[in-house]
Each structure stands twice: as structure tokens, then as C-alpha cells.
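Student: Read off the chains here:
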Amino acid sequence: MNRDPRNDDRTLREQFQALRREDASRVPAYEAVRAATPRHGSRPHGLKSIGGRLAWSAVGLLVLGSTVVLWTHRSTQRSVEKAIAQARELQAWSAPTDFLLPADLAMSEMGAISGASARESEEPSTTQPYNRPD
Amino acid sequence: MTMEANRPRAMSNALSDSLAAWHSDAFGWAITCCHRNRALAEEVLQMTYVEILEGRARFDGRSSFKTWLFGVIRRIAAGERRRAWLSTSRLARFARMSLAPDAAGNPEPALAAHRETSSLLRAFARLSARQQEILHLVFYQEMTIEEAAAVLRMRLGTARVHYERGKRRLKALLSEGALR
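Protein chains in written order, with this note's numbering: chain A, 23 to 156; chain B, 3 to 182.
I should point out that these hints are in silico values taken from the structure, not numbers from a laboratory.
Worth double-checking, as some hints may not be accurate.
Quick list of in silico lysine to aspartate or glutamate cross-link-like pairs, DMTMM-like style, CA-CA up to 20 Å [what the hints assert, rightly or not]: (1) Lys169/B <-> Glu148/B; (2) Lys173/B <-> Asp31/A; (3) Lys169/B <-> Glu36/A; (4) Lys173/B <-> Glu36/A; (5) Lys68/B <-> Glu178/B; (6) Lys169/B <-> Glu56/B; (7) Lys173/B <-> Glu53/A; (8) Lys169/B <-> Asp31/A; (9) Lys68/B <-> Asp30/A; (10) Lys169/B <-> Glu53/A; (11) Lys68/B <-> Asp27/B; (12) Lys68/B <-> Glu118/B; (13) Lys173/B <-> Glu144/B; (14) Lys173/B <-> Glu118/B; (15) Lys68/B <-> Asp19/B.
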């Protein structure tokens, strides 16, 4: 039941060789193939087309790169301008409760003054000589 | 001066002679690379010859001429198949050519007469592209696995794996077909 693999290989080889003989009987003549122009013409393969592709890729990358750089630069410039404008706005800005500030300050100043004089009248002067109790 | 001028022509003639010597084998390989599409195989072969004779593909002597030539054919056939898939109009034409090779004016009716060969082709068509390529190179072109690996630009170990698996599968498919 077990078949010899070498026999199988031989059978395969024979079948392929039969196919080869059949193919050989229908091979177009070399001169005919050589003389015929390829349907799509001869295209420039190899270095030329690779060079062309590389050049186009480089151009594409250059355009993309410069777009990114310009965009980044413009956005940086825009953010600086924005910061300056914000600073100017802040400079001009006054709080709506600013009018309270002078009165408040005045009151607190007054309070500070009156408080100080009252303390002065109650407390003994520190400049007086100290009387030692006997 | 005359000798210098004649050198390219002499080289071209030598190349042409080498191509003529391997023409039959090259056609067999091209037809396998084009999935038995005879019209496409002829076109691929034409393009290969043009590329070689115009000096765009150069033989540097690192391998045998046949190995190198088969490598060029394989590359051009792969490019043509890819181009056919990428282009809609050509895709339609490729499909027509693939589905009805008889209608393309290049019939393969003789194969039907040879039962054994046609059963081999049917089974062969069910293998993967790599398996088809390596089995063709070994059994049809009678190359060693090392030479086949050089044509297919793959490692020897990988080539051996494809060869063994392909051979096993082909034998199984052929025996299945024989049982039916």
C-alpha cells in the first residue's frame, strides 16, 4: 500500500517533462517575439523611473514640510500677538469696585491714627525714668 | 576606434544568442509566472528581451545566465500582473484573458487531449504561487533547489520548505483526482 516516494517523484518528473514537451511544440519563434513591439511599449524601468519617483517623493515631502513649518510659525506668531493684546487689555482694565478703595484706605488710615493716639494716652511713656519701688 | 564601436554590437549579438538558446525554457517559465496565460507570457517575454537588449537589465555574472534571465522574467511578470490589477481597463482585459484564454486567439486545446498533463495542470493551479514556481523550476526546468532559490531570491531553507510542501500537496491533489 505504501508507495515509494522516489517513484512518486519520478512520476511527477515524467508528468512535468510531458508538459514541457507539449509547451515546446507551441513556443513562438524567438525572432518573432524579439521583433514584436510590446503592447505597452518599452517603459523606462530601473534607475530612471526610480530616480523620477524619488524626485517626486522629495518634492512632495518638501511641500508638506514647508506647509507644516509655515503653519507652526504662523500659529506661534499669532499666540505672541494674542499675549501682547491680553497684556494691554489687562493694563487698561479696572475693577468695578475700585471706587471703594480710596475710602476704605482713608478709613483704615484714620483708624490706625486714632488707635495709636489712644494707646499713647493710656500707656506710660517709655521715655519717663523708671522709679524703683522701695 | 572601430573595435570600440563594434563592441556594443558584439555584446548585443552575444546576448541575443544566449536569449535564443534559452528561449524555449524562458517561455515555459514565463507561462508559469503568468498562470498559464499564453498571451500575457508572450508579452512578458517581449518586454524581458527589450529590457535586456536595451541594456536596462544587465547580467553581472554573479549567477548563471539562465538563473538571471529567469529572475528578470519573474520580476517583469510580477509587475505586469500588478499593473493589470491596478488598472481598471486592463483588469477587465486581464480577466477576459484569464477566464477565456481560448478566445484570445492562443488556445490550449491540445491540453484537453492529454489527460495526464491537464490533470497535472489542474492540480498545479491549486498550489500557492511560491509552490508553483519552485516545483516548475525543479521538475520542469530541472534546476536544483539551490538554483531555484536563487531565481526566487529566497533562502535555501525557505525554498526547501516550499518545495516539500508543494510536492506533498501536488501528489495528494493528483491522487485525489485519480480516485475520482
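Student: Within a Cα-Cα threshold of 20 Å, do lysine 173/B and aspartate 31/A meet the stated pairing?
Tutor: Holds - the C-alpha atoms of aspartate 31/A and lysine 173/B are around 9 Å apart, at most 20 Å.
Student: Would you check the hint for lysine 68/B and glutamate 118/B, treating anything up to 20 Å between C-alpha atoms as holding?
Tutor: Answer violated: lysine 68/B to glutamate 118/B is near 28 Å, above 20 Å.
Student: Tell me if the straight-line CA distance from lysine 169/B to glutamate 36/A falls inside 20 Å.
Tutor: Status holds; Cα separation ~14 Å.
Student: Please work out if lysine 68/B and aspartate 30/A have their alpha carbons no farther apart than 20 Å.
Tutor: It is violated: about 27 Å lies between the C-alpha atoms, which goes past 20 Å.
Student: Is it true that the CA of lysine 68/B sits at most 20 Å from the CA of aspartate 19/B?
Tutor: The given pair, whose Cα atoms are some 13 Å apart, holds under the 20 Å limit.
Student: Do the alpha carbons of lysine 173/B and glutamate 118/B lie within 20 Å of each other, as the hint requires?
Tutor: holds, 13 Å
Student: When you check the alpha-carbon spacing of lysine 173/B and glutamate 36/A, does it fall within 20 Å?
Tutor: holds, 13 Å
Student: For the pair supplied as a hint, lysine 173/B and glutamate 144/B, is the alpha-carbon distance within the 20 Å limit?
Tutor: This hinted pair holds, its Cα atoms lying about 18 Å apart.
Student: Verify the proposed pairing of lysine 173/B with glutamate 53/A, using a straight-line Cα cut of 20 Å.
Tutor: violated, 38 Å
Student: Between the alpha carbons of lysine 169/B and glutamate 148/B, is the straight-line distance 20 Å or under?
Tutor: holds, 16 Å
Student: With a cut-off of 20 Å on the C-alpha distance, tell me whether lysine 169/B and glutamate 56/B pass.
Tutor: Roughly 38 Å between the alpha carbons, so the hint for lysine 169/B and glutamate 56/B is violated.
Student: For the pair we were handed, lysine 68/B and glutamate 178/B, check the Cα-Cα distance against 20 Å.
Tutor: Violated. Lysine 68/B to glutamate 178/B sits at ~35 Å, over the 20 Å cutoff.
Consistency with the previously given hints fails for numbers 5, 6, 7, 9, 10, 12, ordered from lowest to highest.
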